[in-house]
Structure formats: C-alpha cells, structure tokens
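The listed protein sequences derive, respectively, from chains Y and A.
Counting from 1, one number per residue, gives the positions in the first sequence under this note's numbering.
Counting from 199, one number per residue, gives the positions in the second sequence under this note's numbering.
Calculated directly from the structure, the hints in this document are not laboratory data.
Don't take every hint at face value.
With a Cα cut of at most 30 Å, we get these calculated DSS-like pairs of lysine-lysine [unchecked claim]:
1) Y/K61 x A/K258
2) A/K258 x A/K303
3) Y/K61 x A/K328
In this text the structure is predicted, and so the values were computed from the model without any measurement.
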Amino acid sequence: MHTRTLLSTCLLLLLSASPAAAHAEHGVAGGFISGFMHPLGGLDHLLAMAAVGIWGAFLGKPLVWALPVTFPLVMVAGGVLGIFAIPVPGVEEGIALSVVALGTAIALAWRAPVAIAVTIIAIFALFHGHAHGTELPAAAAPEAYATGFVLATGLVHLAGIAIGWLLGMRSGAWILRGIGLLIAMTGLWIMAGSPALA
Amino acid sequence: MRKTLVGLPIATFIWATWPALAHDAFGNVAPFWSGALHILVSPLSMATLLATGAVLATIKYATAERCGLLVMASAGLVTLTGDALSAFAPVGAIAAGLIAATGIKPEGLPLQVLCILAGSSIAAAASVDKPDLLTSAGVILIVFAALLGALLVFEALEQKLPLARRVIGAWVAAIGLLLAALSLRT
C-alpha cells in the first residue's frame, strides 16, 4: 500500500509540474518536453492511453502487463507509417473511436479473450502511433521527442493501471465502470467534433 | 571479478587523467566530464543502458560482470570515432529492448554480440564532438555507473514486479525503432 501511495503521489506531481515545463522549447530538453506533452496535451490520446491501463486492470493477468508491452511496439508500426508519410485512412476518427470503444469495454466490464483484447489494442495503437509519427520528423530533437512521447504514453498506461487498483476497494468496480462510461461519452463528444457544451 | 568491474573504470580514469593532473590539483578534465555528460543528456544512450541493464539482470552475476566490461569497452572504443557511427545508434536500443521485452535470456556469442552492439550504440548515440582518451574515460565511467544502477534496480524489481523489465524493454525498443525509421528517412 505504501508503494501505491508513493507511485500515485509521483504521478500526480509529474502531472502538476507540466505547466512549468512549457517554457523550454529548444534543444534536447525542448524536444523531450514537446514529445512528453504530446500524448498528455490531447484529450483523445490521454483518455485512450489511460483506458488501456484501466481495461488491463479489469482483464487481470497476463493482460494487465501484456497491453502496455504490446501497445508501444505496435504504436511504432503506426509511427513508422507516419514518419514515411504513408497515409492511413481515418486516423483521427480511429483515435476517437478508440476512446469510445475502450471506455465502453470498461463500462461493460468486458473480459475479452487475450487474442481479441490484444488485437483491439493493436489496431488502435496503429492510429495513435501514426499521429505521433507524423509530427516526429518536424521535431527539433527527434531522439528526445520520441523518448518523451513513448515515456509519457507508458506512464499514462501505468496511471491507468494504478486507477485500476480501485478494483480492490468496495464498490471499486462500479466506480471504474462509471469512469469507463465517462470516457466513452467523452469519446462520442470528440467524434462529434467537440461541440460547445454550453 | 567484482573487483575487476569496479577497478577497471577507476584505473582507466586515473591513467587517462594522469598527465592533466600533473599540472595542478584538478587538471583540465573538461573532456572527461564532457564525455560523461554526453551520455547523460542523450535519451537514446540512457534508454539503451536501461534496456541492457534489464537484460543483464536476468543472467548469472559472473556473466553479467563480464558483459558489463564488454559494454564499457565497446562504448569507450566507439567514443573515439566521434559521430561517425551515429546513424547506427538505434540498433542497440532495438536489440536490447526487444530482448528485454520478450524475456529471452541470451547466452554465449549472442549475448556478447548484444553487449558490443549496446556499448557501441550507447557511445554512437552520444555523438561526442571532440573525442579523445579523457572523453572516452568519462563515457566508460558513466556507462559503468548507469549500467550498475539499472542492473540493481531491475534485480530489486524482479521480486515485486518481474514484468517491469519487459515493459521498459518494449518502451526502449519502440524509441529505437522510431529513430531507426527516422534515420532511414533522412
């Protein structure tokens, strides 16, 4: 429990310190921060990554760790397509759909078979990777940019898995399913073009 | 063997800095720190070191010591080539990352090849601009420290989070593959 508290505090500090990092936009540090902020800056990327972790927690072993291993490796395939400017149809729609689908899977507490879960994650990872890869060649320090965004993606996965620890609490499953519903609804809102809510 | 592992970088440092130390108390050891810092500020070098540490944490300690020496020697030698091999820098990250991610425990020649690849890539990614023996000594020392640190962290994690090295390996391989694609494109 001590480790969990420590990890949660570290993740919270990382997220809260992000505005301070917005000033260095050049060199290795600038490239790293730019890459690190890319998955965190877009609501669609952020929710999908966190949803992968939460769904993994629902699915239990071995998928809780298989998904964070599979996702970055398949994401690279999409990233390579993006780097070589090979078009993939419906990237933005695919990313928004990933938010809806993963949110729905959590809301329904769907315990998908390993092969199906990995396939779903792999397809969505391809879209996310393409979006990151398209921006990589334009980055000032691509090495630092790539490191930053892979690290941020992984950390958001871990944050999702950490949220999944709620399963161990009384009514935790229902809280997580509620979070899943919220994620799915946000995904629908993104798919509709993020219209003003007021 | 453990004494050799600790003693070699210290001996290299003393030997390489000896002429400079003859002039004043500290001497001009700027190239030494330049070499060390080039590794520290290169995300790809550090990622490769991390993945290599993750692989070495899975094998016997005596073998890991010999492998560590091989990584340090390769890094030190490749540092002397400057940025001539920088295009091949992602290779070590891909190899070490994929091996850590898949959980394969390499032995014999493949393990030695991996160590040479990793050491060479760590130095190549750092792209030292004015390489000399002092710079090389700085690289060797920091590779030793970072590799030992990574090894100890993954050994400790092996009990509580045995899959941590696979997750980290996947991240490092992903970084390496992306940068390899990028260097092929340019």
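Handout entry: Hint check against the structure, violated hint numbers in rising order
Key = Those not satisfied come down to hint 3.
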